[in-house]
Amino acid sequence: MRKIFASRTIHILRRLGAAMLFSATLAASVAGAHAATLAEPLVTPAWLNSHRADSNLVVLDIRSAIDGSKPGTFALGHIPGSVHSDYDKGGWRVTRNNVPFMVPTTAEIEKLIGELGIDENSHVVVVPAGVSVLDFGAAARTYWTLKYVGIAKVSILDGGLAAWKAVGYALETGAHASSPAIFTATIDKSILAEVSDVEKLEASGKATLVDARPVSFFLGKEKAPASLAYGHIPGAINIDSAEFYDPQTNRLKPKDQLAALAAHVPNGPVVSYCNTGHWASTDWFVLHELLGHQHARLYAGSMVEWTSNGNRPIESSRTKWDDLKKTLGLGS
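Sequential numbering from 2 applies to the sequence shown in our numbering.
Check the hints yourself; a few may be wrong.
No farther apart than 25 Å at their CA atoms in a straight line, the calculated lysine-lysine pairs in the BS3-like style are these [unchecked claim]:
1. Lys154 to Lys190
2. Lys166 to Lys254
3. Lys201 to Lys190
4. Lys71 to Lys166
5. Lys112 to Lys90
6. Lys71 to Lys154
7. Lys112 to Lys154
8. Lys154 to Lys256
9. Lys166 to Lys190
10. Lys201 to Lys112
11. Lys71 to Lys90
12. Lys71 to Lys112
DEER-style ranges, computed between Cβ atoms [stated by the list, open to error]:
13. Tyr170 to Glu41: 14 to 22 Å
14. Asp120 to His296: 23 to 31 Å
15. Gly311 to Gly78: 22 to 30 Å
16. Asn57 to Ile238: 23 to 31 Å
17. Lys201 to Pro72: 36 to 44 Å
18. Asn268 to Pro81: 36 to 44 Å
Quick caveat, the hints were computed from the structure, so don't treat them as lab data. Glycine is no exception: its CB is placed at the ideal position from the N, C-alpha and C atoms.
Let the sequences and hints guide you as you build the complete structure.
Below you can see the structure in the form of structure tokens.
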């Protein structure tokens with residue numbers, strides 16, 4: 002009887018062990034498959050150089066007037082095999098309801114991205130010039146747009162084209178024609194805040210609003226030409242996107258420094274905004290992609306849309322003296 006019991010016990014333990022091993026193997030396989038679908042938000046020139054032959058890689062050069070580029074700059078030298086789409090004029094931001102620099106419609110984005118040869122399986126590496134925080138903002142906004150329409154694998158070349166050239170990698174001249182692809186967007190609404198969302202969040206106080214503009218804009222000492230009022234959305238905190246950027250290296254600061262700069266941003270819903278969603282894209286990128294604030298969203302309409310109807314609340318430190326100085330031409 003004891004032998005039978007012992008034999009059954011051993012058999013049960015063996016089956017249990019096999020089941021546990023299978024479960025562990027399956028979990029590891031699923032985790033590995035999930036990891037394989039991810040891409041690092043920032044990639045180095047060395048990484049890009051070693052992956053240039055990847056069949057699903059699309060190197061997207063977005064240089065524009067924002068970084069000082071002119072029509073034809075791309076043809077004078079670019080990363081071999083890259084395609085060009087002018088961030089400023091290529092359709093990445095459009096005017097909707099008389100508000101400039103808004104997110105394009107789904108149909109507009111599908112057409113733009115498909116013509117660049119990008120599809121749902123592409124790994125897109127966005128290449129800015131690598132010359133300023135404004136230039137990085139263009140890369141961050143492009144990155145956000147690609148994520149918004151459902152492209153899982155997107156990266157920004159850390160340091161941009163300037164970093165690529167600094168290590169001596171080859172450049173290609175002339176035009177580069179892409180092979181158009183059929184792209185169908187899968188919109189990720191979790192990373193976009195519409196104006197109606199921001200109105201509710203501002204009224205309820207249930208989100209941290211992060212103003213990515215320089216402090217002079219935040220306080221109401223100056224404003225963007227397209228914005229109809231000075232100041233900021235009530236309750237917002239100010240983290241100038243330039244604080245995250247090192248102008249000496251033309252890269253974002255190290256992760257520990259980024260975390261310290263954003264230490265006062267609590268876990269939970271976060272909405273980044275600026276004037277037009279450009280600077281705010283850098284704040285979103287740092288918070289959501291690098292620091293793990295998974296509930297961070299971009300308010301692309303930002304202050305230009307917020308002030309467009311004249312009825313939404315504004316906080317400002319602007320004084321009558323500031324208005325008088327502007328009237329007299331002594332400043333903003």
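Now for the hints, and whether the structure bears them out:
1. Lys154 to Lys190: holds (17 Å)
2. Lys166 to Lys254: With a Cα-Cα distance of about 20 Å, the restraint between Lys166 and Lys254 holds, given a limit of 25 Å.
3. Lys201 to Lys190: Holds - the C-alpha atoms of Lys190 and Lys201 are around 16 Å apart, at most 25 Å.
4. Lys71 to Lys166: Holds - the C-alpha atoms of Lys166 and Lys71 are around 19 Å apart, at most 25 Å.
5. Lys112 to Lys90: Holds, because 15 Å separates the two Cα atoms, which is no more than 25 Å.
6. Lys71 to Lys154: violated (29 Å)
7. Lys112 to Lys154: Answer holds: Lys112 to Lys154 is near 19 Å, not above 25 Å.
8. Lys154 to Lys256: Distance of about 21 Å is within 25 Å: holds.
9. Lys166 to Lys190: violated (37 Å)
10. Lys201 to Lys112: Given that 25 Å is the threshold and the Cα spacing comes to 33 Å, the pair is violated.
11. Lys71 to Lys90: holds (11 Å)
12. Lys71 to Lys112: holds (24 Å)
13. Tyr170 to Glu41: 14 to 22 Å: holds (19 Å)
14. Asp120 to His296: 23 to 31 Å: Once the Cβ atoms are compared, 29 Å apart, the range 23 to 31 Å for His296 and Asp120 holds.
15. Gly311 to Gly78: 22 to 30 Å: violated (47 Å)
16. Asn57 to Ile238: 23 to 31 Å: violated (39 Å)
17. Lys201 to Pro72: 36 to 44 Å: holds (43 Å)
18. Asn268 to Pro81: 36 to 44 Å: holds (42 Å)
Violation of the numbered hints given earlier is confined to hints 6, 9, 10, 15 and 16; the remaining hints are satisfied by the structure.
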